Structure formats: structure tokens, C-alpha cells
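Participant: Here's the letter readout for the chains.
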Amino acid sequence: MIGAAISRIDGPLKVAGRAAYSYERQDAGPALYGFIRGAAIAKGRITLIDARDAEAAPGVTLVLTHLNAPPQAPLVAKPTIFDRPNPQLAGDGISYYGQPVALVVAETFEQARAAAALVRVEYEREPGAYDLAAHADRAEPQETISLGLPGETRFGDIDRAMAEGPVTVDETYTTPYHLSQPMEPHACLADWRDGRLTVYLSTQMVAPGRAALAETLLLDEDRVTVDAAYVGGGFGSKLYLHAEAVLAALAARALGRPVKVVLTRRQVFTLTGQRPATIQRVRLSATPDGRLTGLGHDVNMQSVATLPWIEQTATVSRSLYAAPNRLTRHYTTDLDLTPGEAVRGPGELPGLLALETAMDELAHRLGIDPVELRLRNDTDIDPELGVPLNGRRLADCLREGARRFGWERRPAEPASRREGSWLIGYGMASAIRAHFQGATEASVRIAPDGRVVVRSDTPDIGTGTYTIAAQVAAEALGLPVEAVTVELASSTYPKGGGAGGSYGAANTAVAIHRACRALRERIAQAAGGVPSNDLVGTARRLFPEGVEATGAIVGQAEDPNFRNYSQNTYGTSFAEVAVDVHTGEVRLRRMTGVFAAGRIVNPKTARSQIMGGMIWGVSSALHEAAHVDPRYGSWVNGDLAEYVVPVHADIPEIEAILLDDHDEHANDLGMKGVGELGVCGTGAAVSNAVFNATGIRVRDFPITLAKLLPGLPAP
Amino acid sequence: MSSIATHPGRQPGRQPGGVPTRLRVNNRDHVLELDPRTTLLDALREHLHLTGTKKGCDQGQCGACTVIVNGRRANSCLTLAVMHDGDDITTVEGLGTPEALHPMQKAFVEHDGFQCGYCTPGQILSAVCVLGEIEAGIPSHVTGALTAAPTCSDAEIRERMSGNICRCAAYPNIIAAIREVAGGRS
Amino acid sequence: MRAFTYERAETAAEAVAAVARTPGARFIAGGTNLLDLMKLEIETPTHLVDVNRLGLDHVEETGDGGLRIGALVRNTDLAADPRVRRDYGVLSRAIVAGASGQLRNRATTGGNLMQRTRCPYFYDTAMPCNKREPGTGCAALGGLSHNHAILGSSEACIATHPSDMAVALRALDATVETMAPDGSGRSIAIADFHRLPGDTPHIETVLGPGELITAVTLPPPRGGIHLYRKVRERASYAFANVAVALVAKVRSGRVVVDRLAFGGLAHKPWRVEAAERLFAEGEDAAADPIADLVLAGARPTEHNAYKLPLVRRTLAATLDTARQGETS
Ligand SMILES: Cc1cc2nc3c(=O)[nH]c(=O)nc-3n(C[C@H](O)[C@H](O)[C@H](O)COP(=O)(O)OP(=O)(O)OC[C@H]3O[C@@H](n4cnc5c(N)ncnc54)[C@H](O)[C@@H]3O)c2cc1C
Ligand code: SF4
Ligand code: FES
Ligand code: FES
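Chains as they are written, first to last, in our numbering: chain A, 1 to 715; chain B, 1 to 186; chain C, 1 to 328.
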């Protein structure tokens, strides 16, 4: 069962349109519709708010503004940001563009939307800071960054290594704001009855979401239930509690009727957090034969003073290559924008875009093949932590990738291969991603009717968790997959770590595996130690009321594996691009990725995860960038026509390979997370391919045609 | 849908002063009285509770709301329900059921042509129509000679599917699914 | 979206009368632009007159050998029409380079000409915009203007017209046929149809209030190679940064430009007739001198100056493609 490429068990429901996402749930009966009105300024104060016209509009049942919003918990910056409260309409202050200033609730969506426009709001605008580059001189060094990691690490003397060279790279790379933009906009249906609140919420984090919501609403947690049976993608943006949930809940409580609120697509740009823009300086020094002597990575990123989000961007440079002199540092520059949040591949995506482009620059200066350069700096020991890098399969990935891709046919000289009006180039990059472990529980039960039910509060956001859970349980219990029912994403189920950081599916799988083992033991014990080959039959006979067991794994802080080893996943990607010699349009022609992420429960869904991630990497190299107007602090390209993500025509065939692997130092199943590994390094592979095609090095991502044009040869 | 009946109050699809509109959806006739502002998308989702049709942007920019109107695919978010009086509409629910999937739905499951599943109904309806459009000889941006019939190449399929964004980026698998169905046809 | 009343007209005369009758009334065709803007209350009609069932959805041959395209002909149908494909390829090509398959199934010939700019500040109602709210200023000037106009813009507005179809129609010298509220008709040359922004960027065409487009006519075919080259930020489903519509004769590898129009550069399709005649019959057209003439008077911003080389290069690419063909 484990290792079988079976199709998703939730597939038929999804392709037939029968899987109900939060806004679509009919469980609470007819709901009222809430529509959010956002602020027209990025910084300042509301000087007047007049809801009378809105209140008088047809169908309107409630207008919430800061004047009548119920008391809520204050905003606090917790290190565990997923459960931080997120009070709404809490005062007249505006601290980011589009911040909710009113919620209008009406009988129909059309009425609510129209009435929201009738709320009269006047503001006093205050000057704000919105431009990272313009304020970069205010950058503050950070001691602690996301996940509690140290902001700075230092070994040896990078300045000396750079001075001694002999071959060096010292370049600055900039990456723009990215937004998760899952296809399902953030939505919540809130049902308040008998003093209890049930929210059907589009979230990646059930238990922390519930804690955050309860705290915000000043409610006892046990009066709140969160249900996220189907989630239309998250990519980080649904790890946090957002306005739609809080406002729907406030309105439902005030009205005693179910209320649902969904963000408009434009609001998904203003009301969910962005991956901070960065300015990164990468320094590399090497011997002529390509051994790194120094590796420095400084990152300055946008943050927000009240709710800092400091992406672990330079951490990619801590475990990937050996070098005696090392320095990684994180700085932040506070701007008056929406607080930052995790966006798929937090840290790794922008960090590797810079580091792995710099490695390509080094290879070019050294005249060494880029694959060879990486092999020469491979290491089994974490160069900073001094412990073994378990499951270090980087060299295998490099060799296998190069072979499959046909790397030996790479044009040795940049801008040397042309096919008609296309300049052709190959590029590659390495990938590393930290593997995480969060305290996770799961249960398995054999019901009186013989159904085998696995439960966990971890949502399946497209990660394949429903399917993987069934496979793990089926294997552990010796049953066919069809015999297992998987129930996910209710706060009444055992707490998982949530669907974030790629670890949701892997951690949950281990917990389920342990629960099944425990269940078997219980049944065997009750049967007097006699093993049975009819587990379900035996269980029904001995436990007419049903029997249940739970399994758990501890958080990584308590797991010795995480002290004794440096836990990561690895990979490489190879890309071929064609650049139109006239117009600078870049087309990805093909791509191969080879990754090692421990044991793979379901190669079909894992491959999809990896492939999707690779396409995100492509997008970071060529397409995606959210722009802030430096005068107004507004998101300028705040819709899906202007925020350019790849469409079908941009994406060719992609080869995504997961090495046959089993990481015994990760956990009992030998599994690690795969969800974000594919985004790692793929952007740099594309960026390096563009250089190989054109000889033009663009260090300001994404690489758009406008940036290539000045360097293109006369056609 | 039993839960609706147990909650008296507003009747979905019957709005005071609404414009009477007859929609034939998945071979069933519905007479609705709608606020003229109601998009076809919201009529399907909020009034007929056919929530298989998704709202990804409400601006024509993603394709999640794709339905088939009188045999042609359209973005249901950028058209008013009242404009479709008498029209024949097919949503993903009308294509197949979980127990009896349409070949395209089956191919999407088989090839893992989705992850979160939110763009999926739109992708599937588009895919079914794309094959029809190619057969009907409708040209696309990548069609070679305009006077010749387009072929069912991957490039043609990709171009024609480009109005359906998948943020999970299941694109290669979606193309594989469509290719399989197309292969079975010719 | 503000409340409005709705009616469906059965004839063109009825439609114009209905709009004339009700202040704030508007036609709705495919709805793919109007409804988007109504949701944001950038457009706030009080009454919608549905023109989808006026019977104006046919492409017919005209007496002089041209084509008459009903205003309600869907973009898909126009692009797929065998006569258009054979004789006006640049039009088919331009249409299928725009939007998406499902949008083109709804979008109409009239609506496409009337679609409004995609300037992101126009779309953000919190921003000053002379086009949306005359007199408030132009946020794009001094703002992010990556895909704004470089030609024909004014201090009041630097927006572009986003239509691809219109660029081809400009190259083909199409004529827009209309019906005024009193039922009278007129013909407007496509060159005169869209206006430059000047001090009144909110007035985008020469149509009078309540004037209905009934058809677009094409003069007899001119033969030649028809190309439409659209450069954009992704391979499909994006508006043009620069687009080139070219009709040309090619003999022994030499390109003779017949018609040349550009998209993505201005508040209307851009065509400089003199640039088409720069090279004499028998000479091979070269991109640079043509581009010099087309770009005369260009006023780029710091963000869209890339369009200057891009126009040159896209034109060169298009001429190259033409050169590989051969016409009789
Ligand atoms: C995501 C997206 C991407 C797009 N990409 C492109 C692109 O790449 N290239 C491109 O060219 N276009 C693109 N479009 C625009 C699309 O082509 C237009 O929205 C469409 O052509 C408008 O036609 P319609 O019939 O839907 O107009 P409607 O929305 O119905 O009407 C638009 C306007 O025209 C008026 N009108 C309609 N018919 C008449 C008539 N007969 N007489 C007088 N006035 C009339 C209406 O009153 C309204 O003001 C895109 C649109 C979207 C949503
Ligand atoms: S360019 Fe025109 S449309 Fe854009 S903000 Fe300025 S005035 Fe408005
Ligand atoms: S919801 Fe209609 S296109 Fe996105
Ligand atoms: S499957 Fe998630 S957006 Fe396509």
C-alpha cells in the first residue's frame, strides 16, 4: 500500500463538483452574506464613518464598523503566529492598504456588495514608508527569525576569504513580493447557535485557527468548532487567521444567524500577507579548482513593526555547501504594508534564487561545469551544526538529473546556441529544504459496523493527505485502501501540525501509522495474544462498542533525531529555455527535477506536489511579482490579470523524479515532506538557463523581457 | 440538499421583485426570480446550490467558473443569469457523478490532473469543449495555417486551456488527461 | 454593483429607443468588460438593455466584395469564419491572440471595440484617475506605468486601449456602422472611432450617447501575408505589451508593407500611414526606419521606455516572419 501510486480517494468527489468547500457548505442552512469594505489609504486614521445609507439599503441586516464592533483581543505578535489573534474593526487606525473598515451583512450577496459601497468613510492620510529600496538604509539586524532560528550565523572570516579569493562573486539580488493566491479565495461560513460557534473555514491550520479565533472573540476554545473538509489551496496564506473568519463570526454572533464571508480576489491581495520583498547580497570565494572558501549571504527584507514576519531566507546557505568561512545574516526594514506571511517555499524560494544564481556565476567565472562545482562542495556533515546531514542525497540527485536531462549537451559558452530566432540555454540548480516535525496526533477506530475510520485535524489542501492517510492505515492494518474511511480537518479530531511547511502529510502519516500499531496491539491483547488475520472481524467480536487507538509524534524540539541530525530534503532541477532574440520573451522548453525526500507513500500525488512546486519556481524566475505603489502603499497589480502566474501555455512537459529513498533518521516510516521541495532551486535553474541562452545576467527577479531587451544582440 | 428544506425563511431563487428567468441546467428546468445583478455563477452556486462551479476571481481572470452555455464554454462570472433565459447550461455536476464519471473526469482522476480541486470543474468543462473546438476547426493562437484545420497537438491544447489557471500548477497532468481522452476519440 | 433594471431588446431600433428613454441606461452584449467594471462600481448603469438577441450576429458579404460583421458576432465566430480566415487573416490572428477561449465565446465585435483600458489605477477606485473620475488626476503618471502608452498620451491620461481585434481592424481600414437614438445610421472610419485622451480621457470613442454599433464592415480583401505578433508577459491570456498587425506582399524574399498597425502603444490602435509607404515597391522593408517614423513623438515613462526597442524588435521579427513566406 505504501509506495503505491493510487489515485486520490477524494478525486471522484472533486472532479464531479461534489466536494463542498467552506463557502459552499449547506450544513448551517441559508446564510446571510457579508461583504468587506477595505480602506482606501495605507496609513492614517478614519475621521468619519457613516453607515446610515448602507443600513437603510435593501436586505441589509448589519453594518459593523469600528464604532460598533464588539470587543476583541488585542493584536499581539506571538512567535507562534498561526494562533495569534487578529482583531478586526478594532479602532480608527489604518495600518495597511485595504484594511477592513466595515462589514456589511445582507440577505443576498448582491445586496451586501452594493451596500458596502454605500458606507461613507473619510480618512486622514499620514505619510508612510512603502518602498523597500528607498528605505533600505533603515535595515535592522535580526537576532531571531521565523521558526525561532538564529538570524545570524558566523564561522571563520568571510571578509578575509573574499579578500584572498582568488575567485569571487559578490552580487546583489532582489526578489519582489509574492502572494500565495490560492484559487479558492479565503472564505468562512460562521454558524452561531446555542452559545457555540462553528466555522466552516478555508484554512491550513485547524487547531491553531480555532485558538486564534477563540482568543480574538474572547471565547472559550471549547465553544468553537472549525471544519475545513476541503480547502482550495493555501500555499501559506491559509496558515493564518484572516479578516473573513473573524468578521463572519462576529456578525453571526451579533445576528444569531449563519453568515458567510469570502474575500474578493482583489481582497486576497490586500488582506492576506505577502512574501516579503528582499535585497540579498551573496558572497562566494573559491579556489581555482572550485572549492568554496567563503560563503556569505545577507538578506534585507520588508517587515512590519507590529507584526514582524522574518522569512528564513539566508538559512538556505547554512547547510547546502561546505566552506570554512561563513556568514548568514537577516535584516528587516519596516514598512507600512500588510504584515508578511509564509508563501510556498518560505525562505528557500527567494534564498535559493539568489544563492544558486550566485553559484552559477561562480561556475562561469571559474570555468567549471555548474554540476561539477556543486559536487565539489558537497558535504555529509552540516557545515554549521557539525552533525550529520541525514538523507543527504544531493550528489545522487545531481548525477541522476544531469543524466536524465542530457546535461552534457549544454552549450558551454553563453549565447552560443541558436535555433531560428530562439536563443537556447540550459541551467541547473541545487535544492535544499529543512524538514520539520510538529507535534501531531491521529486516531484510528474500528466502528461497531466494521468501518475503519482514520481521523486527524490536518486538512488536505491538495497535498493528498486523504489518500496518504488511507494508504498508511491500510498498510498498517493489512486492509485494502477501500476499507479505510478518512475524516480530516475538524477541530473535533486529534490535533495535527496542520498543512504547512510540507510536513502535514508526512507527520500525520507517522502518527496514523503509530495509531494503527497501537490498535492492532489492543486487539491482539484482547484476543489473548492470538494474532488474527481478520482484524476487523476480531475487533467487532471483542469490542461491540467499537475500538479506537491514537498515535502521536512529538515536536522536533523534543525529538533527539533533530538534535543528532540536520534534517533536510534535497534535489536538483535542470531547465532548458528559449529566448526570442528579437523580443526577449522567455519560454521554458523542458525541465527535469530529481529530488530525495525520504520514503514516498504515494508517488502519484507526491510527483504532483513536486511538479506544482517546480512550476512555482519557474514563475518566480519569469513571472510573478506584486508591485506596491511607493506613493500610496497600494498593491498596484492586485488581480489575476495583472499579477502574472503561469498558464497552461507557459508550461511544457516536466519530468519530476523522486529517488527511491528511506530516511531512517527522520521517523519510523522514513518519510519527509515533499510539498515545497519542488519550489526550491527551480527558479535559479531557469535564471541560469536564461544566462546560458543570452549571456545576460538579470539579478532583479523576475526576469522579464523588459530587463533582457537592453542586453540582447541586434537580431 | 435536505438541510435547505429544514430552514424556512428565504427561498433561494425567489427574490421579491426578481426578474423571472428560465434556466435549463443539466437537463432540468428551473424557473428563478432573480435580482438582475445575479451572475450566472451566483445563480448556480447560491440559488441552485450547484457549487461545483467555482468562483476564483469573479473577474474573468481565472476560468474556475467555466460552464457550458448552449454548447459553448463561457465564464459564468461575467454574464448575468437574466441574460440566459431559456438557455441550456451544463455544469460539472451534469457531466458525471462520482459513481458514473464522464471520461474526462475519469482521466483527471487517473492522471492526477488536480490537487486542491478548486480549479478542476472549470478545467474539466473547458477540456471537454476544447476538444470539440478543435474538431470544429476553430483556430487558436498557435494554429499554423488559418485555412487548414487545427490539429489536436499538445501546443493547441495548452493554448486553448490557458484561460483556466491552476495555482496548484497541475498543468502537465491536466494535459496528460486531455491527451488520453483525445486519443480515445480519434 | 448598483441596482439596475434589465430589459431585453429584440431589434436595434428598440434597443436604441430603450437606452434613450432611460437616463443612465447602457447596452450590454457579452458583458465580459461591463460586468467586471460594474462589480467595482467603475460603471454604474441604472438600466441595462440586452442587445444579444437583436439578430446582429451574422457575417455577410457586402456588394463590393467586403464583409459586414454584425456587432453581436462573437469573437470566436469571427475568428473562425472561413472568409475571415482566408481573406482577413490578420483579424483572425488578432482575435485569437486575445483573452481566452471562453471569453472569446461571449465577447462581441461591438463590445470588443468599446472595452475600456486595463490601467490598474483605473481599476482601483481608491486611486485618482481622470478617466474614471474626471478631474481627480492620473495616478499612473508618476506611478507604475509598465504597460502604459508611449504615443498620443496626455498629461491627463497615459492609458492604452487593450483591444487586439481593434488593431487588426485599423490595419484593414474597417468602418464602424452605428444607429443613433433617433434610428438614423452613420459610418465611422475605424481611424476616427477611438479618441486620444487629451483633456477628456473619460470620452473614449466618437459615439454619441445611446448610439449603438450595429456592424463593422471590411473593405474588399487586399491579399498578402497577414500576421499579428503579440508580445506579452506570459504565453497566453495576457494583454499586449506591444502588438504588430502586418499585411504585406512578399516577392523573392522582399517584404512590401501594405498595412501596419500597432497595439499596446496608445489610447487607440496606432497606425502611421506614411510608414507603410517608406519603402518603394521592390525594396525590402527594414524595421528601423519604419519604427523611427512610427515612434516619432513618443513620450515614454521611466517604466515603459522598454517599449521603444520592443516596437523596433517586434516589427523586425514580424518582417522576418513575413520574409519567410511568399505571396503571389
Ligand atoms: C481576463 C480578461 C482578459 C482579456 N484579454 C484580452 C486581450 O488579451 N485582448 C483583447 O483584445 N481583449 C481582452 N479582453 C477583453 C475582451 O475582449 C472584452 O471584454 C470583450 O471584447 C468585450 O466584449 P463584450 O461583448 O463582452 O462587451 P460588454 O462587456 O458587453 O460591453 C462593453 C462595453 O461596450 C458597450 N457595448 C457593447 N456592445 C455595444 C454595441 N453594439 N454598441 C455600442 N456599445 C456597445 C457596452 O455598453 C459596454 O460599455 C479580456 C477580458 C478579460 C476579462
Ligand atoms: S492613465 Fe488614464 S486610466 Fe490610468 S490612472 Fe491615469 S487617467 Fe486613469
Ligand atoms: S471566477 Fe470567473 S473567471 Fe474567475
Ligand atoms: S487543483 Fe488547485 S488550483 Fe488547480
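Derived by calculation from the structure, the hints in this document are not laboratory data. Some clues are possibly wrong.
[Stated by the list, open to error] With a straight-line Cα cutoff of 20 Å, these simulated DMTMM-like cross-link-like pairs (lysine to aspartate or glutamate) come out:
| # | chain 1 | residue 1 | chain 2 | residue 2 |
| --- | --- | --- | --- | --- |
| 1 | C | Lys39 | A | Asp53 |
| 2 | A | Lys495 | A | Glu413 |
| 3 | C | Lys39 | A | Glu107 |
| 4 | A | Lys495 | A | Glu419 |
| 5 | A | Lys604 | B | Asp85 |
| 6 | B | Lys106 | A | Glu413 |
| 7 | A | Lys604 | A | Asp559 |
| 8 | A | Lys707 | C | Glu10 |
| 9 | A | Lys495 | A | Asp220 |
| 10 | C | Lys249 | C | Asp320 |
| 11 | A | Lys495 | A | Glu126 |
| 12 | A | Lys604 | A | Glu408 |
| 13 | A | Lys604 | A | Asp661 |
| 14 | A | Lys707 | A | Glu171 |
| 15 | A | Lys604 | B | Glu110 |
| 16 | A | Lys78 | A | Glu171 |
| 17 | A | Lys707 | C | Asp320 |
Computed from a predicted structure; not experimentally measured.
Participant: Each hint: holds or not?
Facilitator: Each hint tested on the structure:
1. Lys39/C / Asp53/A: 19 Å, holds
2. Lys495/A / Glu413/A: 54 Å, violated
3. Lys39/C / Glu107/A: 18 Å, holds
4. Lys495/A / Glu419/A: 56 Å, violated
5. Lys604/A / Asp85/B: 44 Å, violated
6. Lys106/B / Glu413/A: Given pair Lys106/B, Glu413/A is violated - Cα atoms ~47 Å apart, limit 20 Å.
7. Lys604/A / Asp559/A: Outside the cut-off at roughly 30 Å; violated.
8. Lys707/A / Glu10/C: 52 Å, violated
9. Lys495/A / Asp220/A: 17 Å, holds
10. Lys249/C / Asp320/C: 13 Å, holds
11. Lys495/A / Glu126/A: 44 Å, violated
12. Lys604/A / Glu408/A: With Cα atoms ~29 Å apart, Lys604/A and Glu408/A exceed 20 Å; violated.
13. Lys604/A / Asp661/A: Roughly 15 Å separates the two Cα atoms, so the pair holds.
14. Lys707/A / Glu171/A: 17 Å, holds
15. Lys604/A / Glu110/B: 9 Å, holds
16. Lys78/A / Glu171/A: 35 Å, violated
17. Lys707/A / Asp320/C: Roughly 23 Å separates the two Cα atoms, so the pair is violated.
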